[in-house]
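Student: Residue numbers (my numbering), protein chains in the order written: chain A, 100 to 536; chain B, 582 to 832.
Be aware that one or more of the hints could be misleading.
Below, a list of computed lysine to aspartate or glutamate pairs in the EDC-like style, where the Cα atoms sit at most 16 angstroms apart [unchecked claim]:
(1) A:524 to A:162
(2) B:630 to A:162
(3) A:509 to A:418
(4) A:383 to A:293
(5) B:831 to B:681
(6) A:318 to A:293
(7) B:797 to B:668
(8) B:793 to A:187
(9) B:630 to A:168
Chain A is nowhere near these chain B residues, computed Cβ spacing over 10 angstroms in every case [said to hold, decoys possible]:
(10) 588
(11) 589
(12) 664
(13) 666
(14) 698
(15) 784
(16) 830
The set of hints was computed from the structure by calculation and includes no laboratory data. Where is the CB? At the ideal position from N, CA and C, for every residue including glycine.
Read off the chains here:
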Amino acid sequence: MGSCRSWGGMMGHEDRSLSIHWKQDIIPALQSDQHFLCYGLGRSYGDSCLSAQGTALVMNPLDKLRSFDAHTGLLSAEAGLSLHHLLDFAVPRGWFIPVSPGTKYVTLGGALANDIHGKNHHVRGTIGCHVTELELIRSSGEAILCSLTRERDLFCATIGGLGLTGIISWCTIQLIPIESALIDTECIKTSGLEDFFKLEDDSAKDWEYTVSWIDCMAKGRSLGRGIFIRGNHARAGNPAAEYAKQSQLKLSIPLQAPTWLLNSWSIRAFNEAYYHKQQRRLSKTQSAIDPFFYPLDMVLHWNRLYGKPGLLQYQCVIDSHRQEDLSHIFHIIAHSGQGSFLAVLKKFGAVPSPGMLSFPREGYTLSLDFQNQGDKSRELFQKLDAVVEAAGGRLYPAKDALMSPELFQKGYPNWEKFRSFVDPKFTSLFWQRVSGG
Amino acid sequence: MAESQNIPQVAIFGASSGLALAVAQIYAHRRARLFLIARDRQKLNDIEKDLRTRGASDVQTLVADLSGAASAQSVTDLLLQRVQHLDVVLIAAGVLGDTEQLLRDAKSCEHLIDINVQSPIAICNRLLPLLTQQKDGVIALFSSVAGDRGRASNFIYGASKAAITAYASGLRARLSTTGIQVLTIKPGMVATAMTSHLPKGPLMAAPGPVAKSIVKAIDRRADVLYTPGFWRWIMLIIVHLPEAIFKRLKF
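Work out the full structure, taking the sequences as your base and the hints as a guide.
Tutor: Printed below as a string of structure tokens:
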């Protein structure tokens, strides 16, 4: 058992871990063992960031900037740079990451390897759509510059490639310009899924960011009720001054909570309170960056609330015309009694990602988290898997700990093509599980 | 000279150390002119790119092995040919060493003393004429909490840092009326390359906030800095433990 841990609480099987501080350390490191996987900030929930054996290369110390063009917004940096530090650099200069996940504590390399998406998928696609080039170091010692025009296949395999094609040592991404560090935000209380479907479609054109929080304990006529959130970067502000004022104060959960803390009562109470917090149907505000994009980052180590067994995430995508399957999923969850604090629903747009194994595609994506209750959770997930599989959908590897090889291979028909780009010395617990080695 | 009043001129010895880089990044943000001295050309190149990107007005690098008084002196002379004025000198070169190996192997013990003691003292002595002539500036030397009292697990490293603490304290007294400030930096455990083989306990601090506190102490012209701050209280207790008890502690 190693020391690398995923966000859901699983442990890696590495024999040792090795921190990478300098680019020049990568090639010698790759000669020191037979099996590798990179580990960043450990925000993948399941086992996709965990080594099956050999050496875990800890990449977050490799976090220097390489260049920045203040006129075009092209930023080049080493792969261990966290989005947190990237924002600290870019926002005061009037630039923002093109795609923002739900936490800023991820490395650039991890963001690329999972081809992350955000609340603006319908406008900008995934992070991979904004990578202009990257350097990939293979266990053979080769350093390969990859982009859409150079080593295209290897580039496409590496974007969303779960770290299996080698080590991303640095990359260059196109930032987006902002005039303010604030987000014009509207929160709309929704009565059910129909309401959400319509709001998503109506907002897609004029809003950069859209997402919904769903009260997944609600049943019957309230099934799928929630809060729809949409936002645009505010205009004509002063990013540096506004960002400096935004509080970086964080709470931290110091210890693992007792297992009973989260139960169907406390989860129901939370969902109920959160839904009714907003009285009116529409509330308009200007949000700071953290509460809008990274509300959970306000509480460091929030995963400890789930206690020793840890948590399981479930994120699927299914085609836009399969709305009934989506209500079916909510129905199953509401009646399972295993509620989720954070059920997030979003409609992905049609922007294609270069990634061969990328998760996002046009349709609805739902993400849920559950306390890991062993067999009980497994049973629930199998029910959900059956709906997703029948709907021709797929699950997000970065969140997954349980999907079957069949569901993976069906959901990712490119997986066999991808397999030929996997570096012979690289593997993960996830990859062993879903590819059969 | 108007320009140099707005743009700090900062020289960093041992610039590839994790903490030195984090400090340099803060000065880069302040548009400083940076002179970086380290052994590895490639590392210096990576650092230079980072600091230029972050806004440094200028970055000049000098490749030098700081593992001996002679080479430290000659690179200091090279630096002196390039600068007329220095606002801040940071001396960060150092090695932690493994006590068991240091006890067995005289060469590596000598090497540790060369880097941690001989070289910082040689550099400072060499820079003194310039600093006394300009009548201002800050010399910041990396000591360590380990220098406050020799502990069974790392007393050779501790001894080398105790030498720096004593040197810095005497130098500070000697220069106290000249306008030159000497800062003794005593970091606890910080998560950098130096400590990457050690387990990440709750006392391990991130380099960013530690670097911030160092720059703040330089700005305030402080004498001694424990960072993170709680180490001042830990060390207060450790230093005052009676020897009869302390000698039984194997930490």
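Student: Run every hint past the structure and note whether it holds.
Tutor: Quick rundown of the hints versus the structure:
{"no.": "1", "hint": "A:524 to A:162", "verdict": "24 angstroms, violated"}
{"no.": "2", "hint": "B:630 to A:162", "verdict": "12 angstroms, holds"}
{"no.": "3", "hint": "A:509 to A:418", "verdict": "15 angstroms, holds"}
{"no.": "4", "hint": "A:383 to A:293", "verdict": "22 angstroms, violated"}
{"no.": "5", "hint": "B:831 to B:681", "verdict": "14 angstroms, holds"}
{"no.": "6", "hint": "A:318 to A:293", "verdict": "15 angstroms, holds"}
{"no.": "7", "hint": "B:797 to B:668", "verdict": "14 angstroms, holds"}
{"no.": "8", "hint": "B:793 to A:187", "verdict": "14 angstroms, holds"}
{"no.": "9", "hint": "B:630 to A:168", "verdict": "13 angstroms, holds"}
{"no.": "10", "hint": "588", "verdict": "19 angstroms, holds"}
{"no.": "11", "hint": "589", "verdict": "20 angstroms, holds"}
{"no.": "12", "hint": "664", "verdict": "25 angstroms, holds"}
{"no.": "13", "hint": "666", "verdict": "28 angstroms, holds"}
{"no.": "14", "hint": "698", "verdict": "25 angstroms, holds"}
{"no.": "15", "hint": "784", "verdict": "14 angstroms, holds"}
{"no.": "16", "hint": "830", "verdict": "27 angstroms, holds"}
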